[in-house]
Amino acid sequence: MQHPCMTCGACCTQYRVAFHWMESDEVTPGGVPHQLTETLDPHRLCMRGTHSKPVRCVALDAQIGVYSRCTIHPNRPSVCREVDASWEYGKASPQCDKARLAYGLALLTPADWEGSDGSPIAA
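Quick note, in my numbering, the sequence shown goes up one by one and the last residue is 139.
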């Protein structure tokens, strides 16, 4: 069974992705690619495409609800690492639920995290 986020991507089109400037690869090797960011204020950057409407992160390669891929996944901002998919870790995620509902996608349930044999699926 495929990880549900691989066919979603809705969260990357609903929220401003803001983070401390120290996460940029200009300062931290292996950090967030600076060329994909814009200055939010003196202390924070944000991913391009997430500070204006319509929101869509510049690093998102997706057709929402069909396929989804973060083109900088290993170097994504900390805030992206903190948004869990609903029920992936045993509880609902308001951010995930809100984003999925905006696209008319079904909310994730605990059953979405079980393989066909009842075992947990890999992330």
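Mixed in with the good hints, there may be bad ones.
[As the list claims (entries may be wrong)] Have a look at the derived ranges for each label pair, beta carbon to beta carbon: (1) Arg32 <-> Leu117: 17 to 23 Å; (2) Glu42 <-> Ala108: 35 to 41 Å; (3) Arg64 <-> Pro110: 23 to 29 Å; (4) Val43 <-> Lys69: 27 to 33 Å; (5) Arg60 <-> Asp128: 30 to 36 Å; (6) Gly120 <-> Thr87: 22 to 28 Å.
None of these hints come from the bench; they were simulated from the model.
Since the structure is predicted, the reported quantities are computational estimates derived from the model, not experimental observations.
Cβ coordinates follow ideal geometry from the N, Cα and C atoms, glycine included.
Exercise. Determine whether the Cβ-Cβ distance between arginine 64 and proline 110 falls within the hinted range of 23 to 29 Å.
Key: holds (25 Å)
Quiz prompt | Pairwise beta carbon distance, glycine 120 to threonine 87, judged against the given window 22 to 28 Å | solution = holds (25 Å)
Quiz item: Are arginine 32 and leucine 117 spaced within 17 to 23 Å by their CB atoms?
Solution: holds (18 Å)
Quiz prompt | Cβ distance range 30 to 36 Å for arginine 60 and aspartate 128, holds or violated | solution = holds (33 Å)
Quiz prompt | lysine 69 and valine 43 - C-beta distance against the hinted 27 to 33 Å | solution = holds (29 Å)
Quiz item: Is it true that the C-beta distance of glutamate 42 to alanine 108 lies inside 35 to 41 Å, as the hint says?
Solution: holds (37 Å)
In summary, this structure violates none of the numbered hints.
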